[in-house]
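2 protein chains.
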Amino acid sequence: MDIGQIEKAANRLRSRTFTTPLMSSTILNKLAGRRILLKPECLQHTGSFKYRGAFNAISNLSKKELANGVVAYSSGNHAQGIALAAQQHQCASVIVMPEDAPQLKINNTRRLGSEVKLYDRAKQSRESIALQLAKERGLTMIKPYDDPMVIAGQGTVGLEIAHEAKSHGVRNADVLVCCGGGGLTSGIALALEANAPCFRARTCEPEGFDDTARSLGQGKICANERLSGGLCDAIMAPHPGELTFPIMRRLCGPGLVVSEDQVLRAMVAAFRHLKLVLEPSGAVALAAALFLKSNMISDPVIAVLSGGNVDASIFAKALATDIDLCA
Amino acid sequence: MDIGQIEKAANRLRSRTFTTPLMSSTILNKLAGRRILLKPECLQHTGSFKYRGAFNAISNLSKKELANGVVAYSSGNHAQGIALAAQQHQCASVIVMPEDAPQLKINNTRRLGSEVKLYDRAKQSRESIALQLAKERGLTMIKPYDDPMVIAGQGTVGLEIAHEAKSHGVRNADVLVCCGGGGLTSGIALALEANAPCFRARTCEPEGFDDTARSLGQGKICANERLSGGLCDAIMAPHPGELTFPIMRRLCGPGLVVSEDQVLRAMVAAFRHLKLVLEPSGAVALAAALFLKSNMISDPVIAVLSGGNVDASIFAKALATDIDLCA
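Sequence lines, in order, name chains A and B. Residues in the first sequence are numbered consecutively from 1, following our numbering. Residues in the second sequence are numbered consecutively from 328, following our numbering.
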């Protein structure tokens, strides 16, 4: 993986992706006690950054591969990214999704034209199901993070941050990234290394699913103990990827971990003061920016708000907690 | 009022306001049966476009006026705009707000440093209270819409639309605007007249509070029959302004009216497919774009999403309606 692949992705994506702007809020800065710049990828097409990698990967397929179709597995954000990008290439897509995925993600994936295959997270292997489909139907598999084209697409977020942060006068900052398998984090880290070497990517994870923080701490890939039961459905990857981990190990600072309570409070903060809908997984970096101590992260800090595909019931639950953010 | 005042406002606001980008959604286009470009002013500082006019008006005050402070009346969006702009000018501010205003608006206005005076919407006149305060304390009154500096500030939304729409290849469109007293609509209409004469501003109002639509239809200022009881608290102005109405009459197409049910459905659509939090008043133009018939508005169409300051309880109520948007 090198910066050239990310720059090529940026060229492919130029007229397709939405260049999400850096935002800020006086009240959130005051609450956090530090200046926070926010990169709202929840506003990206399909509601998360995943469309970037998906489009980049699909646009690289041959005519024959496009004619045969693609298959992917995903709890719902990669799913929607693949669905839209495939539709735009007149390419059929099949997505393997857990049956307990948020209903909004399942509905939107179907609405964008994908065939959705549901599986039981506790009993079945999504990789096996997808590989079987690929074999039977001649589909090309597009992995959610351990794919150079996917990492390169996600890395365009880092190119935009490097460019936009300068116009905000920020030349030195931690860039907090919600981290599952590490596709977004590693792509951003590579883009920052080349374009803003004084910026440093930091992985953000919820308690109980801190495989990347532990992996970075121990210098080797560590796995999560469980793969269900958490609030943050989109970033419950089993462990950092084979491709993504070496990049993160080389370039990222220590991993950051927040509580689910802090994630819910960050969702409320985004509702009240940014007017953004964040899903739990997409609010992890904001939670770190708002609530972690001053010696753990930089001031100013940049937080990537990675997705907003949340069911109304979960969102309403977060709002109903009626948290006093000043506390 | 002329375009020169709006251009001067744009220069004053350049480093202060957030240049909200034009957004789009494949799924919303499909639902609406037309191409919709969205201008999300809910993402503006303080959660609505009102900061633009407030900052422009306050930045025009003399040192003596700034030292004495300002007073305004508002149900909450102009309030927050004034509060932040005053704070940035080290100027004291007093805001007269109805006691039934959304709690979030009252809290945020206080949090931004304003003194809030609550009044009873049914029994007291907000103008009288504000005028009395202005007299007693030597404060400068900044009206919510019938003020040339305020209209000019809001008009910068129109300059941005004219500029951004071209880069989306749109050169001919209705621009739908949530309309209370007409400050935003008249400012946008003036900006479009000068910079995108093939674009036409259209007022959007909720049923029961359609004073502007009736005024445009009859060619004279008509009032609302009531000033409370509606879902759209931010645009329940008594009637179009003395300054704003002649501009709207000259430049706008026929006024558009939507139901409160359509407003709630537009809030759900923005939650699901744009990841934006809209307050009811800020969703009126989106409701028109999504649900009005094809012979009433253009395709493509541009909708200004004017604000997102909604209490969690109202937002949760909208989400709980569990509307099938396809229906």
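For the record, the hints were derived by calculation from the structure and aren't laboratory data. Incorrect hints may appear among the rest.
[Unchecked claim] Derived lysine-lysine pairs resembling DSS-like cross-links, with alpha carbons at most 27 angstroms apart:
hint: 1; chain 1: B; residue 1: K644; chain 2: A; residue 2: K317
hint: 2; chain 1: A; residue 1: K8; chain 2: B; residue 2: K493
hint: 3; chain 1: B; residue 1: K547; chain 2: B; residue 2: K470
hint: 4; chain 1: A; residue 1: K166; chain 2: B; residue 2: K335
hint: 5; chain 1: B; residue 1: K335; chain 2: B; residue 2: K470
hint: 6; chain 1: B; residue 1: K470; chain 2: B; residue 2: K444
hint: 7; chain 1: A; residue 1: K135; chain 2: A; residue 2: K64
hint: 8; chain 1: A; residue 1: K143; chain 2: A; residue 2: K30
hint: 9; chain 1: B; residue 1: K357; chain 2: B; residue 2: K547
hint: 10; chain 1: A; residue 1: K30; chain 2: B; residue 2: K547
hint: 11; chain 1: B; residue 1: K470; chain 2: B; residue 2: K390
hint: 12; chain 1: B; residue 1: K644; chain 2: B; residue 2: K470
hint: 13; chain 1: B; residue 1: K357; chain 2: A; residue 2: K117
hint: 14; chain 1: A; residue 1: K63; chain 2: A; residue 2: K30
hint: 15; chain 1: B; residue 1: K391; chain 2: B; residue 2: K444
Computed from a predicted structure; not experimentally measured.
For which of the previously enumerated hints does the structure constitute a violation, in increasing order of number? Result: hints 8, 9, 10, 12, 14 break, sorted rising.
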